[in-house]
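Chain by chain, the residues run as shown.
Protein chains: 2
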Amino acid sequence: MRIAVDAMGGDHAPVEVIKGALLVAREDPATEILLLGIADVLKEALSGMGEIPQNLSCRGVPEVIAMDEHPIQAVRKKRNSSLVSAALLVKSGEADAAFSAGNTGAAMAAATLDIGRVPGVDRPAIAATMPTLKSRALLLDAGANVDCTPENLRQFAKLGAVYVECVWGVASPRIGLLNIGSEQSKGNELTKAAFPLLQKDLAGFVGNLEGRDIFDHAADVVVCDGFAGNLVLKTGEGTAEFIVALMQQEMAADPLLAAAHQSVMSVLSRLQSRIDYAEYGAAPLLGVNGVSMIGHGRSHARAIASGIRAARDAAAAGYIAAVREAL
Amino acid sequence: MRIAVDAMGGDHAPVEVIKGALLVAREDPATEILLLGIADVLKEALSGMGEIPQNLSCRGVPEVIAMDEHPIQAVRKKRNSSLVSAALLVKSGEADAAFSAGNTGAAMAAATLDIGRVPGVDRPAIAATMPTLKSRALLLDAGANVDCTPENLRQFAKLGAVYVECVWGVASPRIGLLNIGSEQSKGNELTKAAFPLLQKDLAGFVGNLEGRDIFDHAADVVVCDGFAGNLVLKTGEGTAEFIVALMQQEMAADPLLAAAHQSVMSVLSRLQSRIDYAEYGAAPLLGVNGVSMIGHGRSHARAIASGIRAARDAAAAGYIAAVREAL
Chain A
1 MRIAVDAMGG DHAPVEVIKG ALLVAREDPA TEILLLGIAD VLKEALSGMG
51 EIPQNLSCRG VPEVIAMDEH PIQAVRKKRN SSLVSAALLV KSGEADAAFS
101 AGNTGAAMAA ATLDIGRVPG VDRPAIAATM PTLKSRALLL DAGANVDCTP
151 ENLRQFAKLG AVYVECVWGV ASPRIGLLNI GSEQSKGNEL TKAAFPLLQK
201 DLAGFVGNLE GRDIFDHAAD VVVCDGFAGN LVLKTGEGTA EFIVALMQQE
251 MAADPLLAAA HQSVMSVLSR LQSRIDYAEY GAAPLLGVNG VSMIGHGRSH
301 ARAIASGIRA ARDAAAAGYI AAVREAL
Chain B
1 MRIAVDAMGG DHAPVEVIKG ALLVAREDPA TEILLLGIAD VLKEALSGMG
51 EIPQNLSCRG VPEVIAMDEH PIQAVRKKRN SSLVSAALLV KSGEADAAFS
101 AGNTGAAMAA ATLDIGRVPG VDRPAIAATM PTLKSRALLL DAGANVDCTP
151 ENLRQFAKLG AVYVECVWGV ASPRIGLLNI GSEQSKGNEL TKAAFPLLQK
201 DLAGFVGNLE GRDIFDHAAD VVVCDGFAGN LVLKTGEGTA EFIVALMQQE
251 MAADPLLAAA HQSVMSVLSR LQSRIDYAEY GAAPLLGVNG VSMIGHGRSH
301 ARAIASGIRA ARDAAAAGYI AAVREAL
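The listed protein sequences correspond, in order, to chains A and B.
Going by our numbering, the residue at position 107 of the first sequence is 107; the numbering climbs one at a time, nothing skipped.
Going by our numbering, the residue at position 317 of the second sequence is 317; the numbering climbs one at a time, nothing skipped.
Source of the hints: derived by calculation from the structure; they are not laboratory data.
Accuracy of the hints is not assured; some may be wrong.
No copy labels: a pair is met if it fits in one copy or bridges any two.
[Claimed, not checked] Pairs of lysine to any residue residues, derived as SDA-like cross-links and limited to a Cα-Cα distance of at most 25 Å, are as follows:
| no. | residue 1 | residue 2 |
| --- | --- | --- |
| 1 | K134 | L202 |
| 2 | K200 | E94 |
| 3 | K134 | Q248 |
| 4 | K192 | E237 |
| 5 | K91 | S57 |
| 6 | K192 | G105 |
| 7 | K134 | H261 |
| 8 | K134 | Q249 |
| 9 | K77 | E183 |
| 10 | K192 | D68 |
| 11 | K186 | F205 |
| 12 | K134 | A258 |
All figures in this text were calculated on a predicted structure; none of them were measured in a lab.
Can you make the complete structure from the sequences, with help from the hints?
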């Protein structure tokens, strides 16, 4: 497996991206990692990081897409950027997967325009991993397509079902439609029209589920439009941060708890990282005709490493072949 | 002030509803509470509750609308139900406000059909109170209108702004548009079209905000369609429950924390109730031409009391006159 990594993408690039790549290169000698970035910048960053394993290499590129650039314009203009180069390496077959923690819209655009779509997919989706009490669930779309058709949702369901079965190893995945009530009659125009399509086409369809059901693991795949999906992600993160902040206030005021303060805060921080999207490292772009993963812009080395591993695992599991067959 | 209370509405009716009504009647002799319900049932429930204060009275009705009945059909058919009777008392001026923790859709239908709408309002909205680090914010629509137009959102913003100013006493309330990014260009078709309407019409408009910004109190009023609003509420509740469940797991496994277990759990339960929608007691139906409050079906006495107080406060503050003038 060979993973093309955009070393210039993310709020803490290139240092944290390189550190994350090194973690994976050192633990897994069978995986080749190709760092793409401005040659001098990569060289300087790597100089303080100890011995460089043989399975990690660098390729200099002359351009970088910034976090706030207009996605499609940047991808069209900066053909030699680290972000676009990663996608082109997947397209040409030189790499098995691409990873970037940079401009999400640009990574999406590069994947769609340069790698292309799987035949039968109208709109690729961003799939986010949500923590659940039992394990994890895949939520898509998490923000790539804010206005969707029922047919888009049907395709997202297929893409997600194949992913969790093929990459996560979930046998007979259960698919739920994110909604505001469990009865079939509930919902807005989109979800009411999508329900019968999912019911007809997906053996594992379990019906509607609400935001709270995600955490109870009512489904392995949760399907929604990108507006709803992004809202759920951000609200979940916001609630978790809010609880930690309130807990800190409460504990400061309670002498009994002040004694256990350190222990409680360390538990809370573990919980928050379980909930924090960033810790899950990467969101696959599903429906793209090659493995492409995006990391959270705020990622540090640990999240970057987890994203590169996810890219490797999706490629190694043969997701693209499986999804081509299913669609 | 005279509040008509549907004593038969809610999962724990009539006992918890009556207990909640008694709490308010005893603490506030100036407020009259009229319980509506099946005469025998009310009589029996009240018999074990000590002395009945003079400002609490009962009125027997022959019918009850069940939690799972079809809202509009039930309201049209059961004209003498406790739920419809409460709305009719507001319409006739015999009561200043109605409160029901029963079938939400039916309470909405009775308010809209029987009390009517404020001139200039196309669709009344359910307004939910969200906790924030500083105080609280009003989120609307929380689920009454799943598909909305930009003009609906503009009206919701007006209804909410007048409410927090008039009833909560917030001077110059800030209004935010719930979205999936802060820039004006972000969002789906609905939010992109609503943005300029809100900007033009509301002096306190602060632009787009994301789910996480609600908790930071980025706005006093958060405007969205009912699908998005309900999703935010349920996801917030689900995340809070998830964190408490995880915390319990973690603490059981940690001997240092096991010692502080009791204290930590009591803090967590206080936090959860701050987040739990049920604790806020009631959601006003804004845009209705009279004060109508709905309580959460799961409400116990404390939440019922808080809902009745909210109904009283909205009536006493003259919300309806203020909103008629503003629209």
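To see whether the hints hold, each was checked on the structure:
{"no.": "1", "hint": "K134 to L202", "in the structure": "within (23 Å within a copy, 45 Å between copies)"}
{"no.": "2", "hint": "K200 to E94", "in the structure": "neither (39 Å within a copy, 53 Å between copies)"}
{"no.": "3", "hint": "K134 to Q248", "in the structure": "between (27 Å within a copy, 14 Å between copies)"}
{"no.": "4", "hint": "K192 to E237", "in the structure": "between (28 Å within a copy, 24 Å between copies)"}
{"no.": "5", "hint": "K91 to S57", "in the structure": "within (19 Å within a copy, 76 Å between copies)"}
{"no.": "6", "hint": "K192 to G105", "in the structure": "between (29 Å within a copy, 18 Å between copies)"}
{"no.": "7", "hint": "K134 to H261", "in the structure": "between (28 Å within a copy, 23 Å between copies)"}
{"no.": "8", "hint": "K134 to Q249", "in the structure": "between (30 Å within a copy, 12 Å between copies)"}
{"no.": "9", "hint": "K77 to E183", "in the structure": "between (48 Å within a copy, 23 Å between copies)"}
{"no.": "10", "hint": "K192 to D68", "in the structure": "between (36 Å within a copy, 19 Å between copies)"}
{"no.": "11", "hint": "K186 to F205", "in the structure": "within (16 Å within a copy, 31 Å between copies)"}
{"no.": "12", "hint": "K134 to A258", "in the structure": "between (31 Å within a copy, 22 Å between copies)"}
Hint violations for this structure: number 2 only, all remaining hints satisfied.
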